[in-house]
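S.K.: Residue numbers (the working numbering), protein chains in the order written: chain H, 1 to 198; chain B, 1001 to 1442.
Think of the hints as simulated: they come from the structure by calculation, not from any bench.
One thing to keep in mind: the hints can contain errors.
[Unchecked claim] Short derived list, chain H residues pointing at chain B, Cβ under 7 Å: (1) G83; (2) S84; (3) E85; (4) T86; (5) S88; (6) G188.
[Said to hold, decoys possible] Computed beta-carbon distance windows for the label pairs: (7) H:R107 <-> B:A1355: 41 to 49 Å; (8) B:G1426 <-> H:A127: 45 to 53 Å; (9) H:R22 <-> B:D1141: 40 to 48 Å; (10) B:Y1140 <-> H:V33: 25 to 33 Å.
[To be verified] Per the computed footprint, the stretches of chain B lying under chain H, defined by three or more beta-carbons under 8 Å from a beta-carbon of chain H, are: (11) 1076 to 1083; (12) 1308 to 1316; (13) 1377 to 1389.
Glycine included, C-beta positions come from ideal geometry on N, C-alpha and C.
Spelled out from the first residue to the last, the chains are:
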Amino acid sequence: MSRRNLPSFRGLHALIDHCPGRDRTVLAAQLEVLGLKVTTLDSGAAAPCEGVDIFFFDADAGFAVESDEAHPDIDVPTVALIGSETPSRLQAMLARQPSAYLMKPIRPTGIYSSLAIALHQFALIQAMRRKLASAEERLRSRRILFSAVLRIMNQAQIGEAEAFRILQRAAMSQRVTLEVLSARIVSGEYPLPRALAG
Amino acid sequence: MTVNVFVTDKQCERASPRQVRALPSSLTNGTGRGHPRRGVGIMAKRRRETVHIGVLYSLTGPYGLVGREMLNGLTLAVEQVNASPEFDFQIAPLVFDPGGELETYEEHCELLIRDKAVRHIVGCYTSASRKQVLPLIERYDRLLWHSARYEGFENSDNVIYVGAAPNQHIVPLARYMIETLGTSVYCVGANYLWTWETNRVLQEIVSAAGGSIIAKRLVALGDTQIDHIVREIVERQPPIIFNTLVGEASYRFHRELYRAQSQGALRAAPRPPILSCSLCEPELRLIGPRASVGHITSSVYFSSIDTPENRAFVRRYREMFGSSNLPSVDAEASYLCAILLARAIRRAGTTDVQAVRTAAYRDELSAPQGPVKVDPDNNHCYLTPRLARSRGGFSFEILDTAAAPVKPDPYLTWLDLDALTRRARGRPAGEARATNGLRVVK
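All chains should be built: construct the whole structure from the sequences, respecting the hints.
M.R.: Written out as structure tokens, the structure reads:
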């Protein structure tokens, strides 16, 4: 059994966007204890740069963000560092889509958990986003798939179930997805007789 | 009267006391010559047990004016306690002046707790400074007596919040506005937490009433360049202005807007009212005699409250700090902090934090503003919201007073937007009505 079931964050690159002071010092020191490489920058609502694995930002800094003023999509796990719990600040923080948070004053305790939660949540949400994108793609191509099935049904004078099986077989032999083959059939790029022949 | 203020030097490890030099003469000996008389006043009345309390007020720096007001209120309370035979101890305040520097607040708080061994600290004005010392206060289990109104959304066992919570300042103001003035408002303020949060609450209430925020204009804290905002107001002619500017920026804004109106640049006659939750008596003087008139403030205290308790408070304040001075809401609140603290220590028979907190929950004070008590549910106070209009002589005419002290609601959990805006929504456009649930005090 693997001894490394517990997550290790050694080697990850953390970016901390927070004004200098004890909170930033404690956070940076603890992240280094956990084996992360740490870069700090003074708070200026910066976006995470290239090569950053996890991004800590100051939820107290910067302008109040209006609800309709969303931040650009951030494609790394983020951790919000929260001082004020007023709704105006929380709203601005949520617009940056944090995966986890830490309450100020920052203590060494809790940083490890926030890393674990942030990376886990981010991976989960990324997986769900991919799944959702593919489901949406499939949904969009359903109409095309039905058109292709209908064409096969008409041409071969067969029922829907058999037409679908023919399409499936053809897709397998062509090594393409049902949606891609359907699009080729509907556009006339792939002649029906060959599809019928499988 | 002598007040020792502790300052720390970067080169010195320990704090050393100095006597107040930068304070107005009113705080030292009231003669205008500014030479404090050593040994006279709070420290030398009788031989009784001495209770040291910490005081963390910025008497210098960007909001030194308020700090000095708060120290005045506290000094008055200490004097009163120490002169009263009802207390078998006397209070010795150890006053530290962090000068508005956040890190110095922390440094001074730690000195008070570790070197001076105080269990109770009266102090802080900005939320940033409170958040800076709160971890220390909680870690050492001390009690912070906080006098400033603030934006809410906090609830620490180790703080007694004597200043107004949002349901006691911005909510009554917003309600007054939508019921009597209108639902279209222009917001101007310093770019910091207080503005963000009060604007948010105002926006929520105004939207529920079917109105809108015309614009939100923010300037950096400490920036006094407000001419472009005055120009925009002249151009857009908003019917109401909500102001959360701080210090000189606010005073300049009032003066510049007054100048614009004097030159006939504003159509509205009189000027669009400037609403705030912070404009107070000493600030009216700084704005100037004409420009300071006609603005509406929501506050739990005005020096013009006509009750025997307040008349006595104002009289004592003027005797101590000069006859031209009127106490502000901050002076009254810090006065209340020290009085509540002294009474709780007397009731508990100890300065132990847990015992004092429990004793404070059982107290009810006839304060200058009316009955005040600490709510054990959230450590904030029952206070009496009022609305007033500034008038000549640098004072306020009270327009409305809540019928009874209002239970604090720091998280606005019980805010009922529907009930709050019902009258405003039912009102034909442009028609103004008297407020509901508030009685007019002459």
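S.K.: Against this structure, judge whether each hint is valid.
M.R.: A quick look at each hint next to the structure:
1. Among the interface hints, the one on H:G83 holds; its C-beta lies about 5 Å from the nearest C-beta in chain B, closer than the 7 Å criterion.
2. A distance limit of 7 Å between C-beta atoms decides the matter here; for H:S84 the minimum to chain B is near 6 Å, and the interface restraint holds.
3. Here the hint on H:E85 is kept, as its CB sits about 5 Å from the closest CB of chain B, short of 7 Å.
4. Checking H:T86 against chain B by beta carbon gives a least distance of about 4 Å; that is within 7 Å, so the hint holds.
5. The interface hint given for H:S88 holds, since its Cβ lies 4 Å from the closest Cβ of chain B, which is under the 7 Å cut-off.
6. This hint is violated: H:G188 has a C-beta 55 Å from the nearest C-beta of chain B, more than the 7 Å allowed.
7. A hinted range of 41 to 49 Å for the beta carbons of H:R107 and B:A1355 is inconsistent with their spacing of about 29 Å.
8. Separated by about 52 Å at the C-beta atoms, B:G1426 and H:A127 satisfy the suggested range of 45 to 53 Å.
9. Range check, H:R22 to B:D1141: Cβ separation about 20 Å, and the 40 to 48 Å hint is violated.
10. Between B:Y1140 and H:V33 the beta carbons are some 26 Å apart, a value that agrees with the proposed interval 25 to 33 Å.
11. Given as covered by chain H, the region 1076 to 1083 of chain B fails the check, having 0 residues with a CB less than 8 Å from a CB of that chain where 3 are the minimum.
12. With a threshold of 8 Å between beta carbons, the proposed coverage of the region 1308 to 1316 of chain B by chain H is violated, since 0 of its residues qualify and at least three are required.
13. Residue count for the region 1377 to 1389 of chain B with a Cβ under 8 Å from a Cβ of chain H: 0. That is fewer than the three needed, and the coverage hint is violated.
Of the numbered hints stated above, those contradicted by the structure are hints 6, 7, 9, 11, 12, 13, listed in ascending order.
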